[in-house]
Amino acid sequence: MPHPSGGRRQAWLPYALVGPLLALIALFVLYPMAHGVRVSLYDSRDLVPRPDEFAGLANFAWLWRSPATVKSVRVTVLYVAVTTAAATLIGLASALVLNASFRGRALFRAAVTIPWGTPLVASALIWFWMFDPQYGVVNYGVRLLGLGTQGIAWLISPQWALPAVMTVDVWRTFPFGTLVLLTALQGIDPDLYGASAVDGAGRTAVFRHIVLPSIRPSLLILGLLYTIWGMKRFDTIWILTQGGPADATNVLSVFIYREAFRNFRVGQASALALVGAGLGLLAAIAYFALEKRDEHG
Amino acid sequence: MSMGRAWRTVPGLTGTYLLAGLFAVGAAFPLYWMVVAALQPGRELFSYPPRLLPRLGELGVFGRLFATQPMLVWLANTVLVATGVALISVGLAVLAAYALSRFRFPGRTGIQFVLLLTQMLPSTVLIVPLFILFRQLHMLNTRTAIVLAQAALVAPIAVWIIKAFMDTIPVEIEEAALIDGCSPLAVLGRITLPLAAPSIVAAFAMSFFEAWNVFVYALTFAPDRELWVSAVGLASWIGELTTPVEIMMSGAVVFALPSVVVFLALQQRLVGGLSAGALH
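The listed protein sequences derive, respectively, from chains A and B.
Here the first sequence stands for residues 10 to 306, where the numbers follow our numbering.
Here the second sequence stands for residues 445 to 724, where the numbers follow our numbering.
In case anyone wonders, no lab produced these hints; they're calculated from the structure.
Each residue gets a CB set at the ideal place from its N, CA and C atoms; glycine is no exception.
Careful: at least some of the hints might be erroneous.
[What the hints assert, rightly or not] Reference listing, derived: stretches of chain A covered by chain B, where coverage requires no fewer than 3 residues with Cβ under 8 Å from a Cβ of chain B:
#	stretch
1	19-32
2	288-296
[As the list claims (entries may be wrong)] Using C-beta positions, here's what the derived DEER-type ranges look like:
#	chain 1	residue 1	chain 2	residue 2	range
3	B	E488	A	L153	34 to 40 Å
4	B	R508	A	Q159	29 to 35 Å
5	A	F273	B	R487	39 to 45 Å
[Said to hold, decoys possible] Counterexamples of contact, computed for chain B against chain A with all Cβ distances above 12 Å:
#	residue
6	P493
7	G507
8	P514
9	L516
10	N585
11	E654
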């Protein structure tokens, strides 16, 4: 609610209130972004581009031709799509279960949501030990279930490393979905259920015609946030695999960091960063379009 | 109220408990396993089948952790950085949230878009230019560099948490004070801030623990060993093969515990703020 009186008297006041925050963001987010665009146009091995190194779009052409980029984009899209879908679905399933009323519900809810409060680096450390090829509890589980007798070298196998780092991500982020969807489920008008009971609608019909439409906005927001977070994920992947083996987990954020701080190809890294930012923006636009279409029926 | 749960997903109470138990165990097991691994004599960690219960007599591992690792230095650096980030981001966020909640002014939508934009970029996109910037400012290898860069990323989330709460405070209370001749700033200080205190506490905790996590900024802008935060220190154990597993896990326990406790206490408000931010 705006102040009708206070607002008119001092038109400059809101700007003065927002100003310090905007200054901080301008200096440490917007300015670096703009500088990144500039660096991407230079053939720069050092972190400060010189005029004689101006390369135009050569860095982008290099990216376009490089198989590593193609692979990285593919891994990123796969990573984001799978983790978003899995975290949303597991979040939804757990929220539906926790929405029932039963004794000890708060305790179960705390246990389900505990991963979300675990620091990323602690999660990486825990799962590093759990994925240990010889003594890890994951391989113990695999043997116990009779799925294999030889241990899988999760983090150093080109085949399993990506599913392994995705597992850590989904484990860490699904509880956020649980909480968001639980809130949405509890906001559904109880009368709707009553009416459907009178109509004799089955469980599936109630879910499709009452529950799903009610929580649709929350599902969309969740999808957007998971997509953004997935694109940003760096810490756990860097700690567990550094993008390897054979680039199997080389998502864009890891690729950018490797190019800049391991291979010192700063110009290319900045070009790559722009590709990453572009992908993020595309995802955001897609979600907003979806939301708009939803609003207009 | 209980009518709201008349619709059950799962048939029967037993099914509900079974499924809820499955989710709870799946989610909590890795943390349980961390504690089990911390509280075991080294050789037992490498036995087959693995011991599934912790040995509560092995608490001495925490003594060894602090004796053999610079854990105290890392924690002190982490607390310094996290406090700095929380103070700056919440301080600026309170002012901005008040403006965005209580005033309609040209550029308001644009500002909210910029806040959203800051959340969409991977930190690695910003890291090269920020590295250049901090080198020019002679701020490499300072904790201040970590604090400023991290605060700029965290502050928008703090704005959303506080603004979402301020939006629910009836404006009439403030109107009365304005008519009595108070300035809007005095109203903010004497009326709105005390009323919004719960959200400010939540935003502070959120900022603090976002910064508690800070890794890649700390790794890049302050690589000197004596400036390492816990996340950088803990991550350095992986792959160096000299730190015993039980020490690694006891470090993870010490590092994770405060964060887990606070998130469990505040989760509802934090979730509300994050999804409210994405909505507008």
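Against the structure, the hints:
1. Under the rule that three or more residues need a Cβ within less than 8 Å of chain B, the assignment of the stretch 19-32 of chain A holds, with 10 such residues.
2. Remark: the stretch 288-296 of chain A is confirmed as covered by chain B, as 3 of its residues place a Cβ nearer than 8 Å to a Cβ of that chain, reaching the required three.
3. Between E488 of chain B and L153 of chain A, the C-beta spacing of about 19 Å breaks the proposed range 34 to 40 Å.
4. Distance hint check: the CB atoms of R508 of chain B and Q159 of chain A are about 34 Å apart, consistent with the given range 29 to 35 Å.
5. A C-beta distance of roughly 44 Å is found between F273 of chain A and R487 of chain B, which places it inside the suggested range of 39 to 45 Å.
6. Under the 12 Å C-beta cut-off, the non-interface status given to P493 of chain B relative to chain A is violated; the minimum distance is some 6 Å.
7. No beta-carbon of chain A comes within 12 Å of the beta-carbon of G507 of chain B; the shortest separation is about 20 Å.
8. Remark: the non-interface label on P514 of chain B is consistent with the geometry, its nearest Cβ contact in chain A lying 16 Å away (cut-off 12 Å).
9. With a least beta-carbon separation of about 17 Å from chain A, L516 of chain B lies farther than 12 Å from that chain, consistent with its non-interface assignment.
10. Residue placement check: N585 of chain B keeps its beta carbon more than 12 Å from all beta carbons of chain A (closest about 15 Å).
11. A beta-carbon of chain A is positioned within 12 Å of the beta-carbon of E654 of chain B; the least distance is around 10 Å.
In the structure shown, a violation is registered for the earlier hints numbered 3, 6 and 11, in ascending order.
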